[in-house]
Structure formats: structure tokens, C-alpha cells
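Given the sequences, and given the hints that come with them, work out the whole structure.
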Amino acid sequence: MARKTRETIILCEAAGFDKIFVETVGVGQSETACHSMVDFFLLIQLAGTGDELQGIKRGIMEMADGIVINKCDGNNVDACHMAATHFRNALHLFPQPESGWDPQVLCYSGFYGYGIKEVWDMVFAYMDFVKKNGYFDHRRGEQAKYWMYETINERLMNSFYNNPEIEAGLRAAELRVLNNEQTSFVAAKSLLDAYFRGVRL
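Be aware that the sequence shown starts at 1117, since it is given in my numbering, and climbs by one per residue.
Keep in mind the hints are simulated off the structure, nothing from the lab. Glycine included, every Cβ here is placed at the ideal spot set by N, Cα and C. Any given hint could be a false lead.
Subject to a maximum C-alpha distance of 25 Å in a straight line, what follows is the list of computed SDA-like cross-link-like pairs (lysine to any residue) [unchecked claim]:
no.: 1; residue 1: 1135; residue 2: 1215
no.: 2; residue 1: 1247; residue 2: 1211
no.: 3; residue 1: 1261; residue 2: 1213
no.: 4; residue 1: 1305; residue 2: 1290
no.: 5; residue 1: 1247; residue 2: 1213
no.: 6; residue 1: 1248; residue 2: 1179
no.: 7; residue 1: 1120; residue 2: 1258
no.: 8; residue 1: 1247; residue 2: 1177
no.: 9; residue 1: 1305; residue 2: 1289
no.: 10; residue 1: 1248; residue 2: 1129
no.: 11; residue 1: 1305; residue 2: 1281
no.: 12; residue 1: 1135; residue 2: 1186
no.: 13; residue 1: 1135; residue 2: 1124
no.: 14; residue 1: 1247; residue 2: 1136
no.: 15; residue 1: 1120; residue 2: 1269
no.: 16; residue 1: 1135; residue 2: 1151
Derived CB-CB ranges, DEER-like [unchecked claim]:
no.: 17; residue 1: 1275; residue 2: 1227; range: 47 to 53 Å
no.: 18; residue 1: 1274; residue 2: 1130; range: 23 to 29 Å
no.: 19; residue 1: 1284; residue 2: 1213; range: 46 to 52 Å
no.: 20; residue 1: 1210; residue 2: 1237; range: 33 to 39 Å
no.: 21; residue 1: 1259; residue 2: 1284; range: 37 to 43 Å
no.: 22; residue 1: 1270; residue 2: 1296; range: 15 to 21 Å
no.: 23; residue 1: 1136; residue 2: 1194; range: 31 to 37 Å
no.: 24; residue 1: 1237; residue 2: 1212; range: 43 to 49 Å
Next comes the structure, spelled out in C-alpha cells:
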């Protein structure tokens, strides 16, 4: 994930690539941003490391269109299948996704090539499902709208914080708030008023 990831995806699609991977690290804001720009959101977990418990969180689980347990090989096979069972049970606690699709939980091993075909079959089955029921086009439209507003917000924030008058007054406003000389709301309003006066000019 990076600031221009969505633009890069659009560029790759325009160049004719029909399978584009967007990878995130950790659980947080990057996952939410990633979910807003991809067609299939795959949650990858490890068994026997506590990840199976870490992953059972409402936010990240509800975003997942599919879950795979990685490194299902060697002495880790039983632990992977147990983790998969835990995730399947957890998914039953969540409401039906807007897409109408029931997320699947699979195990795979990249080292041995085990389960990779099943993962791709899951992705293709999902794509067929959401294209038939109209959710694919609906989600693409919602994503486009989301990124329109994100672009507006980003440009406004950059314009605000790079404004010379704001840069000069921001530190002084911080000190007034820290010294209890001014509330945070009044400080913010005074800075915004100064900014908008400049915009109107």
C-alpha cells in the first residue's frame, strides 16, 4: 500500500493486466484502504502463532471475501486445519456480507503448491457470483465515489497545511491549547476562518 496505489492499479488495468495483487502488512488502516480498491479481499493467516486469534476481529473478518491459512505443511498441517475450523466458526457469528457471498476458509502451502488451485477456484467463483448478482458493478461504483471524496479531502488538507498563514499560526495555536488559553475547538475555528478568508480572496 502506498499513496498512489489506486492510480497504479488503474494504470495496470489500462495496460491490459487482469490480475493485480495489492499487499498489506499488519492489521490497521492499510487494510481498510486496500479493501476500498480491490475486487477480492483475501485474508492470509498463520496457524500456531496466535494469528488465528489475532485475526478474529470484527473489522478485518467482515472485510474478508476469503481466508487462507498459510504454511500448511510439515508439522503444521493439523494446526492449520484447526485454525481453519476456528475461522469458519467465527464467520458464522457475523452477518451476511453485502455481496451475498459466504466467505470460504482454505489451507495452502506455497512451498509444496498444496491448495493453490483451490484458492484460485475460490476467487473465480466469487467473481462469477458477484458479477451475476450485480454486486461487482455496485462495488466498483462505490469505490470510485469513495476515492473521489478521498482525493478531495487530500487536496484540501494539503492546501490547508501548506498555506503560509496557517503554517505561521499553527504552532501558536498549539501552544494556546496546551496552555489551556484556548479550547481546541476555538483554535481550530480561528485557523479555518483564516484559511477560508484567504480562499475567498
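Looking back at the numbered hints, which does the structure fail to meet, lowest number first? Of the numbered hints given earlier, those the structure breaks are 20, 22 and 24, listed in rising order.
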